[in-house]
Amino acid sequence: MTITPEMKGILIWVLIMVIKILVITHVLLGACAYTVWLERKLIGRMQNRWGPTRVGWFGLLQPAADAIKFIVKEDLLPPGVNKPLFLLAPLLAVALGLTSLAVIPFGETVTIAGHTEALQISGITDPNGGGAAPIFDPNVGLLIILGVTSIGVYAIALSGWSSNSKYSLLGSLRASAQMISYELALGLSLVGVVMLGSSLSLRAIVDGQAAPAGATGLSQWGVLHWNFFGGFQFVAFFIYLTAAFAETNRIPFDLPEAETELVAGYHTEYSAMKFAMFFIAEYANMFTAASIATLLFLGGWHSPFEGLSFIPSIPFPPIIAAFVPTFWFVLKICFFIFFYIWVRGTLPRFRYDQLMGFGWKFLLPLSIANIIVTSAIMAWRAAP
Amino acid sequence: MVPITWYLVLSAILFTIGVAAFIFKRNIITIFMSIELMLNAVNLSFVAFANMWKDLSGHIFVFFVMVVAAAEAAVGLAIIIAVFRTRQTLNVDRVNLLKL
Amino acid sequence: MVHQLLFIIFAGICVAGALNLLLQKHPISSALSLIVVMGSLALLYLLLGAQFVAAIQVIVYAGAIMVLFVFVIMLLNAGEEEHTKGSRIAMWFGVPSVAALFGMVLFILLQRSKIDYQIQLGAFGRPTKDVAILLFRDYLLPFEVTSVLILVAIMGAVVLARRQP
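Chains as they are written, first to last, in my numbering: chain A, 20 to 403; chain B, 11 to 110; chain C, 60 to 224.
None of these hints come from the bench; they were simulated from the model. You may find that some hints are simply not true.
Facing chain A, a subset of chain C residues (Cβ under 7 Å, in silico) [stated by the list, open to error]: (1) Ala-114; (2) Ile-118; (3) Gly-122; (4) Val-126; (5) Val-129.
Quick reminder that beta carbons are idealized off the backbone N, C-alpha and C, glycines included.
Chain A extracted, bound-state conformation:
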């Protein structure tokens, strides 16, 4: 069977897509494992103790030891569980946690061997290659991530119901109710950013946060055009961050999985690898929430020194220069992960009725007010 050039092009495209998916997924899974290590170390230091130190220098091999433990532990199947749903729930949680990676842009493009490739799994460059090719990414990228978050409720609801245990059912009902309540505030807080960027595509929103071409004086500094500063979306930022804490079931909103309240909530009956899957899903969701906050509010991959002429720009070779924006992106995500862990070590837990009241009676009206104020200011600025 002869291979036509068209088929060769398709095969190369498939190969590059597979490489991108493998690299990004493995980096995220490794990051999840080491975020657990970072959390244990930081919480330990905040509580004036060491954290893991025995396994390797500074306990750096602790995630490897945890992985081996999860793999060799006995995988219990409690009696009376609904077997298909019991097995489906952690799979769904992990799959959805990793699906959001497909639309997150990590940078601009990288050119290897004459072929330009966008640093985004669902980003497509001009197939003829070469030059400043425009990157096509999904028109509704932000809605895809919100959709994945909406389906994530099923993983928790089904895990609790199929476990045939009172603690699990209560924990999962509380967690699902909490997630769908805070999804509203999450979505509405992002409407202000979408209005400023005039698009639902993540790449377009980040491109709107660069300094405009004809800027003079102080407004050349890129940081002033980020949506948090120049777009005045700081209220939306804090609403989004609070809702993201609630969506990922982290302290101060982790009542559904707190040990002193409900044993372990919806993942009480899970052991070994299935429990590890829920864990991975929780940290992957944390990374997704941090990525969205970075892309929408903090300018994505734009460096904070952009536009400052007195900072010398180091001439990197083109391969490294393509990944410098990715470095800034990852640095901002690391700040958010540190913030997540910092809040965990500092704040106490909400009670369940306080949690629901806060979501419905405070965050939701505040996010609607943010939409009204943002659109009023935009209309006032655009009025002739």
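Place chains B and C on chain A using the hints.
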């Protein structure tokens, strides 16, 4: 290329299966879900015709159908919960007396 | 070719999910099959160039309305189906009527209407923006009326499901 007739036939199949589930099932929640299936089949027809006429009014119709389906599902499920509290059953054949 | 293959795969999943809803005994399995149907319908909308509708189908229908159904099934602990006298009579009359309905719809679609149009991928340039313009300019009144409708539905649901003191 896919002719539009394929989409319309798929919509007809889904609608018919929805009608069949509505007639044959006895659990009231399943009957409710078959109504949602029928609404989805109609949505598919709307979007297919919107592609044909290049008119986005089809999408607007789908939007409104979804909103009405959401409102109807909320109120309908509240009624089902109220019925369950008094009759203790979800089988429509057993809810056949006006007074308990 | 790829378009036809994708259509056949997702249409097959739709029909399989719908048949599963009809044939399963426990309502939670029917609910999960309906979620599968809605997901594959969202993918079919993407093939029809309706990106915004596909996204809100997943967010609203599969992610909110069906969550409501799954919650109610879990809370009421609905058991399996049972066949009563009424349902046997329904099958005797129902199967011919459903077959007649299907035959009638197919006859009208295929024989009488004669629509000859091939679906174009990428038919709409910027669907979200154009839908928003239509929604807030031409269809503003229905939009406002539906917001009142949702308010009425919320109040109705809260009142009906409240525990009587």
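Results of checking the hints against the structure:
no.	hint	in the structure
1	Ala-114	holds, 4 Å
2	Ile-118	holds, 5 Å
3	Gly-122	holds, 3 Å
4	Val-126	holds, 5 Å
5	Val-129	holds, 6 Å
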